[in-house]
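> Sequence lines, in order, name chains A and B. Note that this note's numbering numbers the first sequence so that position 189 is 189, with each residue one more than the last. This note's numbering runs 448 ahead of the 1-based position in the second sequence.
Bear in mind the hints are in silico, worked out from the structure with no lab data behind them. Heads up, some of the hints might be wrong.
[Said to hold, decoys possible] The calculated DSSO-like cross-link candidates involving lysine-lysine, where the alpha carbons are at most 27 Å apart (straight line), are:
(1) K455(B) <-> K238(A)
(2) K239(A) <-> K754(B)
(3) K115(A) <-> K704(B)
(4) K702(B) <-> K440(A)
(5) K687(B) <-> K637(B)
(6) K443(A) <-> K702(B)
(7) K74(A) <-> K253(A)
(8) K704(B) <-> K443(A)
[Said to hold, decoys possible] These stretches of chain B come out as covered by chain A in the derived footprint (C-beta under 8 Å, 3 or more residues):
(9) 673 to 684
(10) 708 to 717
(11) 728 to 735
Where a beta carbon is used, it is the ideal one built from N, C-alpha and C, also for glycine.
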Amino acid sequence: MGMTGIQIFKLLPKTNCGDCGVPTCLAFAMNLAAGKAELSACPHVSEEAKNKLAAESAPPIRPLTMGVGENAVKVGGETVLFRHEKTFVNPPGFAAVVSTSEDDASVDGKIARFKACRWDRVGLTLKPEMFAVKDAGDAAKFTALAKKVAEAGATVILMSDNVDALKDAAGALKDSKPLIYAATAANADAVGAIAKEVDCPVVAKGDGTLESVIALTEKLTGMGLKDIVIDTGSRDLKKVFQEQIVIRRAALKDRFRPLGFPTIVMANEIGADLMEETLVAATAVSKYGGVIVMSDVQPHSIFPLLLDRLNIYTDPQRPMTAEQGIYPIGNPDANSPVLVTCNFSLTFFIVSGEIEASRVPTWLLVQDTEGLSVMTAWAAGKFSGESVGTFFNKCGIKDKVSHKKLVIPGYAAGISGELEEEISGYKVVVGPREASQIAKFLKLWTPE
Amino acid sequence: MAFQPTKQVYSGSIREISLGDGDKAVKVGGRTAFAFHSFEGSMPNPPRIAMEVWDKNPSEDWCEAVKEPFKDVLGDVGAWAKKCVEFGAEIIVVQTKSADPNGDNASADSIAATVKKVLDAVDVPVVVWGVANHEKDTEVMRAVAEAAGGRRIAISPVEEGDYKQIGAACLGYGHVVVSSSPIDVNLAKQLNILLGNLGVANANLLIDPTTGGLGYGLEYSYSVIERIGQAALTQEDEKLQQPIICNVGNEVWKSKEANLTAEAAPDLGDPAKRGILMESITAVDLMLAGADIVILRHPETVKLVKGYIAKMM
Numbered sequence: 001m002g003m004t005g006i007q008i009f010k011l012l013p014k015t016n017c018g019d020c021g022v023p024t025c026l027a028f029a030m031n032l033a034a035g036k037a038e039l040s041a042c043p044h045v046s047e048e049a050k051n052k053l054a055a056e057s058a059p060p061i062r063p064l065t066m067g068v069g070e071n072a073v074k075v076g077g078e079t080v081l082f083r084h085e086k087t088f089v090n091p092p093g094f095a096a097v098v099s100t101s102e103d104d105a106s107v108d109g110k111i112a113r114f115k116a117c118r119w120d121r122v123g124l125t126l127k128p129e130m131f132a133v134k135d136a137g138d139a140a141k142f143t144a145l146a147k148k149v150a151e152a153g154a155t156v157i158l159m160s161d162n163v164d165a166l167k168d169a170a171g172a173l174k175d176s177k178p179l180i181y182a183a184t185a186a187n188a189d190a191v192g193a194i195a196k197e198v199d200c201p202v203v204a205k206g207d208g209t210l211e212s213v214i215a216l217t218e219k220l221t222g223m224g225l226k227d228i229v230i231d232t233g234s235r236d237l238k239k240v241f242q243e244q245i246v247i248r249r250a251a252l253k254d255r256f257r258p259l260g261f262p263t264i265v266m267a268n269e270i271g272a273d274l275m276e277e278t279l280v281a282a283t284a285v286s287k288y289g290g291v292i293v294m295s296d297v298q299p300h301s302i303f304p305l306l307l308d309r310l311n312i313y314t315d316p317q318r319p320m321t322a323e324q325g326i327y328p329i330g331n332p333d334a335n336s337p338v339l340v341t342c343n344f345s346l347t348f349f350i351v352s353g354e355i356e357a358s359r360v361p362t363w364l365l366v367q368d369t370e371g372l373s374v375m376t377a378w379a380a381g382k383f384s385g386e387s388v389g390t391f392f393n394k395c396g397i398k399d400k401v402s403h404k405k406l407v408i409p410g411y412a413a414g415i416s417g418e419l420e421e422e423i424s425g426y427k428v429v430v431g432p433r434e435a436s437q438i439a440k441f442l443k444l445w446t447p448e
Numbered sequence: 449m450a451f452q453p454t455k456q457v458y459s460g461s462i463r464e465i466s467l468g469d470g471d472k473a474v475k476v477g478g479r480t481a482f483a484f485h486s487f488e489g490s491m492p493n494p495p496r497i498a499m500e501v502w503d504k505n506p507s508e509d510w511c512e513a514v515k516e517p518f519k520d521v522l523g524d525v526g527a528w529a530k531k532c533v534e535f536g537a538e539i540i541v542v543q544t545k546s547a548d549p550n551g552d553n554a555s556a557d558s559i560a561a562t563v564k565k566v567l568d569a570v571d572v573p574v575v576v577w578g579v580a581n582h583e584k585d586t587e588v589m590r591a592v593a594e595a596a597g598g599r600r601i602a603i604s605p606v607e608e609g610d611y612k613q614i615g616a617a618c619l620g621y622g623h624v625v626v627s628s629s630p631i632d633v634n635l636a637k638q639l640n641i642l643l644g645n646l647g648v649a650n651a652n653l654l655i656d657p658t659t660g661g662l663g664y665g666l667e668y669s670y671s672v673i674e675r676i677g678q679a680a681l682t683q684e685d686e687k688l689q690q691p692i693i694c695n696v697g698n699e700v701w702k703s704k705e706a707n708l709t710a711e712a713a714p715d716l717g718d719p720a721k722r723g724i725l726m727e728s729i730t731a732v733d734l735m736l737a738g739a740d741i742v743i744l745r746h747p748e749t750v751k752l753v754k755g756y757i758a759k760m761m
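Assemble the whole structure, with the sequences as input and the hints as a guide.
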């Protein structure tokens, strides 16, 4: 909430009746400001104060959801300009264009790649979510194509200059909550009415100026629409970048409502080819894009972008973690080495990558250290002889190997004694300190 | 009433540092606003593109995609450096991989001779990047600093454990120090203070905040660079007002995903394009955060990133 307790107090009845549960209006105002109370607890507050407070307490950037089910995309709701200030919360959706002018083979190829582009990483599934269906002047085909990609599971952006075509397609697809593209100065009444009727989010597309965007969002808001996405209309990379920053700042710093909406970046109309589009998209991942549209979905482009999105939207206050358990790398058998490490995701990636690169089949045990690295976890007592020993005894690795050796990270050498007591019968081997030495170490390892 | 955008108030600027000597000296930094925020401040120098050469043949370590463009020159460091300049490198970085005490453990003199070859072959500025082993880097960089006397090279990484020795070598021969710290604003500042006390002038100081590649800690580097930029530009933290250099290619191309062949990972698409985009995205993100020099490996990345910078300036 943007208002202080004193500002809120001025809007309250100031009767100190106590009906809200606290003795004075001032105390209640302070609780409201701190987010500890709800305004509805006061039975005497005026309508005017209610509206004003509701407007003030609404998120500065409208959160909204496009699509339904597994590929629904929630955007907006951001509260900071820089991720280290808190965290970015709702990652942008990635969309590829399919046009009614494309032949079936081209469309089917994109749908097949869209479905195939799924990768698991640290317990998350990385995947694109959306298709932008473009009407190249064939209204009947437009609805059919939109249905086809919606049936493939994608969240749909309906793009047409033809209001009737938009209306048909939006009506046919309304249950899958498409994003309607776009309301412009020329057609805002008609397109706004469609969005309202089907209850779907709509893009406000400006003419390359923020003034035009503001005029449009005010008009659409006036029609009762809340879920709006901004396309400034600019297609020059430098200008788009600056606009993204100005919009985010206006929404967060000035609580300027007409720009308090997520944005859509048409990378396909900014970059000359998919390589350039990918860099435009990366720019929009870092700097405030809500939906990012590209001309195609190709694994060599979307996979790096999905990693980028994962990195930028990782909560800096909470380390990424790998799941505790046994990770077999390279088909290990009963004679393969057993290594244990912490569950900080970076450690996990680097250690598993080095093991893989060594080509030595290996069992990697990952112990839950709450995302702390080996040294930090060791210092905090979360990677101790006892915790590693308990995990080792219970995880089931003993049934998988016939030898009696466990390799621990070099930085945790201090736990070997205690650990050997916990895992009686097994020998603790101190491995290298740095992951870069793992390959060398594994090549010399023997079960004896 | 016309919409008035909120402007960021800046109270400091990034120092402009010159690398190299003669006509081909290159200026970096000098910004008075966040990166590419030219609507509210000046950015006199675009981020600079450096390319790396190794002091040993990297054929064993590099995947096909990055070997191919250099296949005729990987064994000849001078020709390799020239080729990089043809590809558009504004700065050449010599990675002294052969110095690794756990690897080839080459002698300081032989590495200094390699650096000399590069200096003789090209007239663009040169950066020499060590192996982050304090004892070995100290020995090597002393020899390198002497061999490169008068050419105003930059030496990296200069860390808390070896700043006195390597810093002194840089002071003695007029080179630039790359102050290297592990992804932490306060440690970066602390080391710059120590280097200042040693006598290293602000005009001879770059920051290496430690680079994480895409998927492998990029977000940590990204945020620490943004924080250094905020401290420098909006909090007048004069110990952090130095340009930033990021060793991008070296990090990205050692990740598993940048090296997987089409046979090993058919679901990840064209391996060369995938690697190039992983490297390019890392460079773009770090430049957006505030990197002033990005060190790249693949010539296609150089082309893409240069095109990107041209559009953003």
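> All hints, please: hold or fail.
These are the hints, each one checked on the structure:
1. Pair hint K455(B) plus K238(A) holds up; C-alpha atoms about 17 Å apart against a cutoff of 27 Å.
2. Restraint check for K239(A) and K754(B): satisfied, since their Cα atoms lie roughly 18 Å apart, inside the 27 Å limit.
3. A distance of roughly 23 Å separates the Cα atoms of K115(A) and K704(B); the hinted pair therefore holds under the 27 Å criterion.
4. For the proposed pair K702(B) and K440(A), the alpha carbon gap of about 16 Å is at most 27 Å, so the pair holds.
5. Proximity of K687(B) to K637(B) is assessed by CA-CA distance (about 6 Å); at most 27 Å being required, the pair is judged to hold.
6. Distance restraint check for K443(A) and K702(B): the Cα-Cα separation of roughly 20 Å lies within the 27 Å cut-off, and the hinted pair is therefore satisfied.
7. Taking the CA atoms of K74(A) and K253(A), the gap is near 22 Å; set against the 27 Å cutoff, the hint holds.
8. Note on K704(B) and K443(A): the hinted pairing holds, with a Cα-Cα distance of about 19 Å set against a maximum of 27 Å.
9. With a cut-off of 8 Å between beta carbons, the region 673 to 684 of chain B has 3 residues touching chain A; three or more are needed, and the interface restraint holds.
10. A stretch counts as covered by a chain when three or more of its residues have a beta carbon under 8 Å from one of that chain; for the region 708 to 717 of chain B and chain A the count is 3, and the coverage holds.
11. With a cut-off of 8 Å between beta carbons, the region 728 to 735 of chain B has 4 residues touching chain A; three or more are needed, and the interface restraint holds.
Checked against the numbered hints above, the structure violates none of them.
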